[in-house]
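**Q** Residue numbers (the working numbering), protein chains in the order written: chain A, -8 to 231; chain S, 944 to 1143.
Careful: at least some of the hints might be erroneous.
Straight-line Cα separation of at most 20 Å, DMTMM-like style, residue types lysine to aspartate or glutamate; simulated pairs [unchecked claim]:
1. S:974 to A:204
2. S:985 to A:204
3. S:1086 to S:1121
4. A:54 to S:1121
5. S:966 to A:208
Treat the hints as calculated values from the structure; they're not laboratory data.
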Amino acid sequence: MPLTRRQTLGLLVGSAATLWLRSRPAVAEGEPSEIYTLPPLPYGYDALEPVIDAETMQLHHNKHHGAYINTLNKALTPYRQWHGLPIEDLLRHIHQLPTAIQKTVRNHGGGHANHSLFWQSMAPNGGGEPMGELATAIAATFGSFSEFQTQFQQAGLKHFGSGWVWLVLTPQGNLAITTTLNQDSPLMQGQVPILGNDLWEHAYYLTYRNRRDQYLEAWWQVVNWPWLSDRYAQMRALLA
Amino acid sequence: MAFVQEPLPFDPGALEPYGMSAKTFEFHYGKHHKAYVDNLNKLTQDTELADKSLEDVIRITYGDAAKVGIFNNAAQVWNHTFFWNSLKPGGGGAPTGDVAARINSAFGSYDEFKSQFKNAAATQFGSGWAWLVLEAGTLKVTKTPNAENPLVHGQVPLLTLDVWEHAYYLDYQNRRPDFIDNFLNQLVNWDFVAKNLAAA
Chain A
-8 MPLTRRQTLG LLVGSAATLW LRSRPAVAEG EPSEIYTLPP LPYGYDALEP VIDAETMQLH
52 HNKHHGAYIN TLNKALTPYR QWHGLPIEDL LRHIHQLPTA IQKTVRNHGG GHANHSLFWQ
112 SMAPNGGGEP MGELATAIAA TFGSFSEFQT QFQQAGLKHF GSGWVWLVLT PQGNLAITTT
172 LNQDSPLMQG QVPILGNDLW EHAYYLTYRN RRDQYLEAWW QVVNWPWLSD RYAQMRALLA
Chain S
944 MAFVQEPLPF DPGALEPYGM SAKTFEFHYG KHHKAYVDNL NKLTQDTELA DKSLEDVIRI
1004 TYGDAAKVGI FNNAAQVWNH TFFWNSLKPG GGGAPTGDVA ARINSAFGSY DEFKSQFKNA
1064 AATQFGSGWA WLVLEAGTLK VTKTPNAENP LVHGQVPLLT LDVWEHAYYL DYQNRRPDFI
1124 DNFLNQLVNW DFVAKNLAAA
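In isolation and in its complexed conformation, chain A is listed as follows:
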């Protein structure tokens, strides 16, 4: 599945994007409640069973992701000049935003961006291994795909409290495993998230309870490597 224009725009880096943001005229578009909208899941709520149960998917998508969007839209309502931008751009330029909304964009805008990527990163009948450039880069960086999986799971297990474990592309074009607190996005640190797994208990509690380790292990079965391999190639091309 190719990346949408929105996702590609979200990758704009450096001074061109900064200038573009600064010179952007105030626009009045849409109802404030529709500044950002909940993207539909690319599959059914029960499509990832038994790895992720349907009730978890419903709550996670409708309620948790939905609430991030509602809170984000409410906070952004008076700031019309910031409407209509990909959420990735707001996160990348978080320190240029009015101070009054930085925290909400970081937490709830981060929640929107992180979850939007998360849904795309999974698919029914997922699993297997990455392909193409991504497969090569993972093997070169971590030694092997299974070593990457081990390190990714360990980082996810070790992270204390709510957050995310990521495979990111650094500004230098390297792959790295990182974790972020709560809904912090790697975009705020100039990194491009390629793949992220949600470590908030709401992502796994109904099925796995306290066993985050089992969730991290099972999750590989629903990872959408064809889409992610495609995403990686496009992100690399944009960095080049």
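Please build the complex by placing chain S on the supplied structure of chain A, with the hints as guidance.
**A** Using the frame of chain A, we list chain S on its own:
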């Protein structure tokens, strides 16, 4: 000397009629709290911290990047024990006596306290805790992220509510505000608050 998990001050099913299920306790007390105790013992084994009090371990390791794992587990052991004691079957509602007077004097009214506590618990983004504390002689509502607690801020903790998702996900799922309301209306152990105030 190993750190021990204090027994629950009530039967694990005792809060079932008051909005906190035995199932939640099976995991929250039986798995999460226990894991913090086990981890703390593993991490402090054969170190000088193993012989300190739990409160001392928390104060000593706070802010030390090399000991963050010990701090997290120690503080979570303490926070959970304090949380179980903050709960009482059929508790909640407005306090009476000295506690009521202190609440009114600090917040103006019980309703204002309730509103501040609800707000703190609802807006603690991600995992954490909401607290009623005594700071410089005055009652105050605060919130802390993850394992952090009032002991490291020179405050005296009086009451707490766990707002990690594991505290409410089996009973309330995403509805944290309902979980907070239930705590205030049916679970707050004001006797425990009175005891903590008297000892402060």
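**Q** If you check each hint against the structure, which ones fail?
**A** Of the numbered hints given earlier, the structure breaks just one, which is hint 5.
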